[in-house]
Amino acid sequence: GQQLNQNPQSMFIQEGEDVSMNCTSSSIFNTWLWYKQDPGEGPVLLIALYKAGELTSNGRLTAQFGITRKDSFLNISASIPSDVGIYFCAGLPLSTSGTYKYIFGTGTRLKVLA
Amino acid sequence: DTGVSQNPRHKITKRGQNVTFRCDPISEHNRLYWYRQTLGQGPEFLTYFQNEAQLEKSRLLSDRFSAERPKGSFSTLEIQRTEQGDSAMYLCASSLRGSGTEAFFGQGTRLTVV
Numbered sequence: 027g028q029q030l031n032q033n034p035q036s037m038f039i040q041e042g043e044d045v046s047m048n049c050t051s052s053s054i055f056n057t058w059l060w061y062k063q064d065p066g067e068g069p070v071l072l073i074a075l076y077k078a079g080e081l082t083s084n085g086r087l088t089a090q091f092g093i094t095r096k097d098s099f100l101n102i103s104a105s106i107p108s109d110v111g112i113y114f115c116a117g118l119p120l121s122t123s124g125t126y127k128y129i130f131g132t133g134t135r136l137k138v139l140a
Numbered sequence: 078d079t080g081v082s083q084n085p086r087h088k089i090t091k092r093g094q095n096v097t098f099r100c101d102p103i104s105e106h107n108r109l110y111w112y113r114q115t116l117g118q119g120p121e122f123l124t125y126f127q128n129e130a131q132l133e134k135s136r137l138l139s140d141r142f143s144a145e146r147p148k149g150s151f152s153t154l155e156i157q158r159t160e161q162g163d164s165a166m167y168l169c170a171s172s173l174r175g176s177g178t179e180a181f182f183g184q185g186t187r188l189t190v191v
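As they're listed, the protein sequences go chains A and B. So for the first sequence, this note's numbering puts the first residue at 27; every next one is plus one. So for the second sequence, this note's numbering puts the first residue at 78; every next one is plus one.
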């Protein structure tokens, strides 16, 4: 099935550092969602974005809906050990407008070194 | 009601057996989704319901798979004649029409076919 590209695929960072990751597609999306998934658990919704250029924060997390509508970005400030996990983007393509078939990214695996 | 509930959390079955999973969505959420996630991948869309109507099915959903949501509340996903390739995490999510398109996931059912 179709999946969105996420970069980086994985990253090790020191506690306290800021983290940036992105999600890209060749097609236009109406909605972007960001999730965090811990091993053996379901994805937990972090942030939802609905308009091009929209910037939304949730605590130390900030996400942006790209102006081209083909990408989205997630930043984590001052990372802490519990930020460890896999971050997924998910979107609703314009081409499937009217349906709710979310397309997921390949994931960014974050590891935080204390 | 604190979230989407899935049962069982884990299921080990022998090849060729039938299995059934249950999903209880967040109360009043009228949309319900099933996704499958294999190791190292993002979730892949299988099917979704609006109330009791199954509105879309992925080509991933072979004829051995069937999903129902008979009264527009809980849903079941049945896999007949399981194969080793069916081993995966099966995730259920729900969302509320009219409040954006945020989808909230359950903890998943991990299926292992031996």
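Calculated directly from the structure, the hints in this document are not laboratory data. It is possible that part of the hints are untrue.
Chain B side only, calculated, beta carbon under 10 angstroms to chain A, not exhaustive [claimed, not checked]:
(1) 110
(2) 147
(3) 150
Over 10 angstroms on every C-beta distance to chain B, these chain A residues come out as not near it, computed from the model [unchecked claim]:
(4) 29
(5) 88
(6) 94
(7) 118
(8) 125
(9) 131
(10) 132
(11) 137
(12) 138
A few chain A residues facing chain B, derived, Cβ under 8 angstroms [unchecked claim]:
(13) 38
(14) 69
(15) 74
(16) 78
(17) 133
A quick note: this is a predicted structure, and the numbers were derived from the prediction, not measured. We put the CB at the ideal spot given by N, CA and C, even for glycine.
A quick look at each hint next to the structure:
1. 110: Hint holds; residue 110 of chain B Cβ to chain A Cβ min 7 angstroms, cut 10 angstroms.
2. 147: violated (20 angstroms)
3. 150: violated (18 angstroms)
4. 29: Answer for residue 29 of chain A: violated, closest chain B Cβ roughly 6 angstroms.
5. 88: Correct as stated: the minimum Cβ-Cβ distance to chain B is 17 angstroms, above 10 angstroms.
6. 94: Non-interface label stands for residue 94 of chain A: nearest chain B Cβ at 20 angstroms, farther than 10 angstroms.
7. 118: violated (6 angstroms)
8. 125: violated (6 angstroms)
9. 131: Contrary to the label, residue 131 of chain A does not stay out of reach of chain B, its closest Cβ about 5 angstroms off (not over 10 angstroms).
10. 132: violated (6 angstroms)
11. 137: holds (15 angstroms)
12. 138: holds (20 angstroms)
13. 38: violated (18 angstroms)
14. 69: Result: holds, 5 angstroms to nearest chain B Cβ.
15. 74: This hint holds: residue 74 of chain A lies near chain B, its Cβ roughly 5 angstroms from the closest one there, short of 8 angstroms.
16. 78: Violated, about 16 angstroms.
17. 133: holds (5 angstroms)
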